[in-house]
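Given the coordinates of chain A, assemble chain B onto it according to the supplied hints.
Line by line, the protein sequences give chains A and B.
Using this note's numbering, the first residue of the first sequence is number 126, and each one after it goes up by one.
Using this note's numbering, the first residue of the second sequence is number 446, and each one after it goes up by one.
In short, the hints are calculated from the structure, not lab data.
Straight-line C-alpha distance at most 27 Å; calculated DSS-like pairs for lysine-lysine:
| # | chain 1 | residue 1 | chain 2 | residue 2 |
| --- | --- | --- | --- | --- |
| 1 | A | LYS156 | A | LYS203 |
| 2 | A | LYS203 | A | LYS131 |
| 3 | A | LYS139 | B | LYS648 |
| 4 | A | LYS173 | B | LYS905 |
| 5 | A | LYS155 | B | LYS648 |
| 6 | B | LYS641 | A | LYS203 |
| 7 | A | LYS156 | A | LYS186 |
| 8 | A | LYS139 | A | LYS155 |
| 9 | A | LYS173 | B | LYS641 |
| 10 | A | LYS155 | A | LYS131 |
Short, incomplete list of chain B residues facing chain A, as computed with Cβ under 8 Å:
| # | residue |
| --- | --- |
| 11 | ASP755 |
| 12 | GLY814 |
| 13 | GLU826 |
The C-beta atom is built at its ideal place from N, Cα and C for all residues, glycine as well.
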Amino acid sequence: MGTDIKIDNELDVKGFVCPRPMVMTMNILKKMESGQTLKLIANDSSTKHSIPALCERAGYKLIEETDEGGEVTFIIQK
Amino acid sequence: MEEFGIKGWLKSWYKQFFMQKWPLWRAAVYMALSGIMAYGVATWSLARTVAGNNPYDQAKPLGTFLGLKELGGIINNWLGHIGLPHYPFAGYIWPDGTINFFRQYPNPLLEPTAGTMLGILFGGLVAALLAKEFALKVPLDKSEYLLALSGGILMGVGAVFMFGCPLVSTTNIGAMGIQAIEMVVGMTIGSFFGAKLIIWLEKRRLSAIACKADGAGYKPLMLFEKTKTIWPILPENADGGEPWGIRYQPYLGCALILVMVFTLFRFSHIGYPALALSFAAATLTGFAMQRGSMCFAYAYREPFLSGFADMFRAMALLYILLVLGFLPMKLLGSVNPDLAYAEIFAISPAGIGVLLGAILFGIGMALNGACVSDSLWRTAEGQVKIWVGLVTLICVSSWLIPMREAAWFKNIFAPYGSRNIRDVYLPQIFGSYPISVAFTIGVIIFWALMMTWFSGRTFKKYMEE
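Here chain A stands alone, though its shape is the one from the complex:
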């Protein structure tokens, strides 16, 4: 994972099953300022589909997506 990305907010939704990771992420992103970054950690496999789809549709920048043993980390810039 890149170390030069400044993380403004962090959300750990491990253990939460669809739809809550998506809802929580949307709620947090809504409260963030434009340009801020969010580090999201999830272990529900549905997020691999839903989070990139959210970024694409809302115009958020998905800077990074890593998967380690089913634990997925996203870095999203609003």
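Chain B in isolation, oriented as in the chain A frame:
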């Protein structure tokens, strides 16, 4: 470093097919193929039974309804015979209402939809292992279990009233029954209310926790009780490499495929080729669902929750492919009296009960985060919350299923088609196959457009708030 040659090509293919998530359309196509295969195997097994082969080897199109009863019966026996007795049977009910080839099953697991459920579970497990995605995840947040329990109860009751689950609705839509349209309408209404309930709960939760900026944004937002991944444990230091529990998962997945192939061959040799093929079709369904994260709960709920209708459109593609794919077997049943039942496979009685049940089921699956088939592949991924919802759903429905045989239940909740199943069969109602196909596909397209419109509205609201 990139590898070239056959090894490099194989690695790249493995990564694309088994490691990366599939696009939704691909998962829908594979699900349709397995659904059509299951319908074909069911038709073939009917022909074999009519010809005097093993009467217990009766495959059925993809579904879970009676499987809930049989698996629930097993769990109930473990719990000390809780609930009403159940009577697993094999048989075909001819269009005139006569029951042919009726046999009491020697083992509840021979009931084909019980095998379907296990097949989806198995397919999901193999897919998760091949992708190194299996992990036993135990949520420590009690609210997740409360959602699973309440969702499981609502789905259990709903499944009995609507005679099935969303997977049954796919088969029933392909089979062109009225019940399917009621199911789609009801599950949409239920998912709408379920989504509103989730939004309300999450708003309460967000306002209850101190997640306001403290100078450092929301970092770290660890105010939720975290999950506990009990296996495999990821190392604190990434330099330690993958733990063996992750590294060897693909090998275990391959071993399970070999065991399955060997077992199904053995099963075929002892007189159950149709059930073996039916299990294989269900395994493909589970595999495709896990790879594409295909989720009926997501498809019906998200247009009202987060504003996404991509999954519903994929489901619509699945529905349309099934309508077209089932057609040859249905036409075969319509011209061959011996195979008459193949024309009306998966058609069930309709009435207000189906609509009410679908609404309850829709609310339940929105809360639980998964319906029956979704729960099976997610259970196989190691999501313990989903286990709770699934067991609750199976137990509740198995306790209530015998009720649906009662005359009062049929008269009040499912009067249409109870005496003659063809009363709820669209080609019989319209008197024409082409009109029925056009009508069914038209309804699916209309519903997909409506869900897309709703999703646009929901997302616009989210962006503007």
